[in-house]
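For chain A, the structure is supplied; the task is to place chains B and C on it using the hints.
Quick mapping for you: the protein sequence lines, in order, are chains A, B and C.
Letter 24 of the first sequence, counting from 1, is numbered 24 in our numbering, and no numbers are missing.
For any residue, its number in our numbering is found by taking its place in the second sequence, counting from 1, and adding 355.
For any residue, its number in our numbering is found by taking its place in the third sequence, counting from 1, and adding 710.
Hint data in this document are derived by calculation from the structure and do not stem from the laboratory.
For glycine and all other residues, C-beta sits at the position ideal for the given N, C-alpha and C.
Incorrect hints may have been included.
Just the calculated beta-carbon pair ranges, DEER-fashion [claimed, not checked]:
(1) A:Leu36 <-> C:Gly727: 53 to 61 Å
(2) A:Gln76 <-> B:Arg609: 49 to 57 Å
(3) C:Glu859 <-> A:Pro322: 20 to 28 Å
(4) A:Arg26 <-> C:His855: 39 to 47 Å
(5) B:Lys654 <-> A:Gln247: 48 to 56 Å
(6) A:Ser7 <-> C:Glu956: 50 to 58 Å
(7) C:Arg1060 <-> B:Pro677: 49 to 57 Å
(8) C:Arg1060 <-> A:Val354: 41 to 49 Å
(9) B:Gln701 <-> C:Glu956: 27 to 35 Å
(10) C:Ser1003 <-> B:Lys392: 34 to 42 Å
(11) C:Gly830 <-> A:Asp189: 42 to 50 Å
(12) B:Asp672 <-> A:Arg70: 34 to 42 Å
(13) C:Arg977 <-> B:Glu504: 56 to 64 Å
(14) B:Glu504 <-> C:Asp947: 36 to 44 Å
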Amino acid sequence: MNMNDVSLHRERPDVCGDAHPKALLRAVQEDGDFLLKLADQHVVSVDQFSRETLRQLFRLAAKYEANPNRFSTPLQGKILISAFYEPSTRTRLSFESAWHRLGGDIMSITDRSTTGIAKGESLSDVAEMFNNYGDCVVLRDNNEHSIEEMLGSLRIPIINAGNGADEHPTQAMADMYALFKWRPELVSDDEQKQKIRIGVVGVPNKMRTVRSFLKILSKFPDAVEELVVIHAQGNADELFGADQREQLESAGIRISTSQDMNAELPRLDVVYINAISWEGDTFSTYGSEFQLSAASPLKDDAIILHPLARGDELSCDLDQTPHNWYFSQARGAVFLRMALLTCMVQRAERVIDVV
Amino acid sequence: MNMNDVSLHRERPDVCGDAHPKALLRAVQEDGDFLLKLADQHVVSVDQFSRETLRQLFRLAAKYEANPNRFSTPLQGKILISAFYEPSTRTRLSFESAWHRLGGDIMSITDRSTTGIAKGESLSDVAEMFNNYGDCVVLRDNNEHSIEEMLGSLRIPIINAGNGADEHPTQAMADMYALFKWRPELVSDDEQKQKIRIGVVGVPNKMRTVRSFLKILSKFPDAVEELVVIHAQGNADELFGADQREQLESAGIRISTSQDMNAELPRLDVVYINAISWEGDTFSTYGSEFQLSAASPLKDDAIILHPLARGDELSCDLDQTPHNWYFSQARGAVFLRMALLTCMVQRAERVIDVV
Amino acid sequence: MNMNDVSLHRERPDVCGDAHPKALLRAVQEDGDFLLKLADQHVVSVDQFSRETLRQLFRLAAKYEANPNRFSTPLQGKILISAFYEPSTRTRLSFESAWHRLGGDIMSITDRSTTGIAKGESLSDVAEMFNNYGDCVVLRDNNEHSIEEMLGSLRIPIINAGNGADEHPTQAMADMYALFKWRPELVSDDEQKQKIRIGVVGVPNKMRTVRSFLKILSKFPDAVEELVVIHAQGNADELFGADQREQLESAGIRISTSQDMNAELPRLDVVYINAISWEGDTFSTYGSEFQLSAASPLKDDAIILHPLARGDELSCDLDQTPHNWYFSQARGAVFLRMALLTCMVQRAERVIDVV
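In isolation and in its complexed conformation, chain A is listed as follows (with noise of 0.2 Å):
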């Protein structure tokens, strides 16, 4: 290694800086009462949420993106748990920066095999212990629920960061944040903004990431000309859940399927892709076929999204090019989360504008 190249390098893509948030926010006016309601409100779908609430959390976020240094201690005196029973190393770090960023403590767990659930304790109880040590939960684990078996017996707000092959409500909002911030007009209630193609590659049925981010799109349907679920011959049967496919087209998305991924791109503006499933203590990998690449004929101002963390499904030559808004989704999922968590604690009006 030359020893006279350590220094960093702080130029980065236009996607980490605060043009795009600062745009987002200017979109949307602020109507602190939605963020004030979610005092206390746990958060375990992401079918809780009205498409104004979505709104101002988003707007919440871009100012806490667009100011990352301005608010420090709106969370000062609060204690998260963050109870990890399915390891992530990445989710973790995200949640936990964003407590930390605004001047919480957190108490972390990251091994189930090392709680009293291993000796046979109910959730139930583990919860009640929960109420008396902090004032937030995270939590993922592979058991869809066990988050609804701890809510019956708290008193502090949970938040659902990965349940099974469920639901992955704040991976919605961050994707949807991405979204937004790439393109602000589409968050506005302009009737007259330019409409998006989305692809997604993955199976509906099976992803958490996948479910939760259709959920979220279903909230605006305004911003969508088309959502193409693109999948590989043999999840055609199982591609959809009960009600998956109803749902967004009562909402009024426009809903194609297509197995043949660059026959798409040329027309996409967005592609949603992920490969990889969980499904109790492992995962499955879905449409492994499908791979992009800077090879891959996508239009010049086409973006990709990706949750992260990343396989073959994703070629690292496109991390140089303006298609990658994806490492700009993993950045603003903590000023995502920074927002949520700030309402659920009852600190919203300690940065909200007009209270």
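Only chains B and C this time, still in chain A's reference frame:
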């Protein structure tokens, strides 16, 4: 799940309110000297503590619990080393929550296998290391001699959070604190107070929680009309350890034993139950033939204490009854530990009324 | 255990006091520019550091150690990612204590098996994630190339806390800091100072601690009369790596080798001993035939350094002798790391005297 019902419910039984802590606070007159003397004291055994020191600790715990948001900075700048070589999420989080609520920082060790100890490093050397890194150590280990091995090298105070089958002094303090919260007159010096009958379901010779609880009970013989040890037939010969029964009786506590829990229940004011005994890396279950439930013949105003986590010996159908003081006990443990930790690291003067 | 004797003893040998750091502080004149230039620098190897930068770092470390409670907020609002993919409680806690003492927050990774890396995620992608979550990374890994793989993607500074068998630069700095605390004239530019004879028991080609220590020694040849490398017969052929001996000699350090420790001891001022060499996931022991004890023929005023944890090569009967500077060395490592971390995250201006 009904997504319209994900608000949390803050209604809670009175045991979580502030009426009881306030009553306890009034029942004891402050004498801060007893707390100031705890500065730089290790906490290994209940035996170290005088009756009056305990009374003052309970008073400070009650002050914290009655004003949970009033004291947020007494441990500012102090670092806790939370060393759980025997994993225990419940106890670890209770200590860590106590420390965080007072404004301190924490470094956690949750797994012995990743430490130098696993590679043969002596505990004396580990203690030397701790001297340089923090201001206080909380140690949980399945070897009862570990804490002694550290004492010789430590220049910062250490607190025993359970050493094998030996002791768990802060658990006993939390047990007693719950009992005094329930009926504050018991901690007063009033000679006319109504004494209580306490049943302990377990094997004092085998269980660290019971051992420590009986030790602390012997400091308050004026509160106890009778102690009934309820045990299975098979444990009759090993019920008490050396001097254990003698220590209680010489303190003035009348003891009886029984193998028929339901026959005893109608005349007990307090039932202390626990079925698990830690033995090295594993645990045994004692008295699983005894099971308390809402159908048990409890006195109307009897309370149940349990150090948790629970097994089949304590039915969940008791949770919503007034007999449930075990949740209050778990909650109070945080405030009790706050009181003790404050004193150990020389910050008592920041929280006592008159210095 | 005698329960009357659980107070801790704060008496400590002079090596833990503030006399030595204060003397070192006076021996170096402040030149803050060298510290300001460390902003946003990665720390991979001792080779990066000039003699004068090291002198200024030692000075700042001494300022911290001489006034341990004076600087409690320079890292307020900063988040450390403490990534110990190769578990090491000692080094992890030393870094985390340093960060906490300066008021920063921490997120820890203590187990590689729970991370995305175990699932095949590239270190480059992990580094991208870290950019969004923290302000500085401390990395320990058993793969010596891991840190290089991260460098290309990082926009926050990273510090090498041990990369396989390669280097451990902050350990070397802590070693040298201990040596200069012991005899501050050695760090001065005084040409009349009394040079020292240093014996190193170990295999420079195999041990990262020894490799890094010799690198830093080569920056201060004016302090060294002679360097004696003491090794077992079996290691004679592999004692030095490529250029390792040449680097020292071209810096002006006279080197000899020996296989008879006791014959060398009577003329050594400093003995640096270590027996463990990390090799991937495991370790080898070198030179276990060499054992220092209170019976060894040490000069009266000779000191012993050891990076710890120790094995049989360093007898505990030396702990209470004036030869013991290895405890001071471990203690000083915290302050040395405080100095380096402060500079890396652009907070040097908050602690230097003249800005």
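Hints and how they fare:
The hinted window of 53 to 61 Å between Leu36 (chain A) and Gly727 (chain C) holds, with their beta carbons roughly 55 Å apart. About 51 Å separates the C-beta atoms of Gln76 (chain A) and Arg609 (chain B), a value consistent with the hinted range of 49 to 57 Å. Against the hinted window of 20 to 28 Å, the Cβ-Cβ separation of Glu859 (chain C) and Pro322 (chain A) comes to about 25 Å, which satisfies the hint. The hinted range of 39 to 47 Å is satisfied by Arg26 (chain A) and His855 (chain C), whose Cβ atoms lie roughly 45 Å apart.
Under the hint 48 to 56 Å, the C-beta atoms of Lys654 (chain B) and Gln247 (chain A), about 55 Å apart, fit the expected range. Between Ser7 (chain A) and Glu956 (chain C), the C-beta spacing of about 28 Å breaks the proposed range 50 to 58 Å. Taking 49 to 57 Å as the suggested C-beta distance range, the pair Arg1060 (chain C) and Pro677 (chain B) conforms, at roughly 56 Å. With their beta carbons about 35 Å apart, Arg1060 (chain C) and Val354 (chain A) fall outside the hinted range of 41 to 49 Å.
For Gln701 (chain B) and Glu956 (chain C), the hinted distance range of 27 to 35 Å is not satisfied, since their beta carbons lie about 54 Å from each other. The hinted range of 34 to 42 Å is satisfied by Ser1003 (chain C) and Lys392 (chain B), whose Cβ atoms lie roughly 40 Å apart. For the pair Gly830 (chain C) and Asp189 (chain A), the supplied restraint of 42 to 50 Å holds, since their beta-carbon distance comes to about 43 Å. Range check, Asp672 (chain B) to Arg70 (chain A): about 51 Å between beta-carbon atoms, so the 34 to 42 Å window is missed.
Between Arg977 (chain C) and Glu504 (chain B) the beta carbon distance is about 37 Å. The supplied range of 56 to 64 Å is therefore violated. One distance hint, 36 to 44 Å for the beta-carbon pair Glu504 (chain B) and Asp947 (chain C), holds here, with the actual separation near 41 Å.
Comparing the model with each earlier hint shows violations of hints 6, 8, 9, 12, 13; every other hint is respected.
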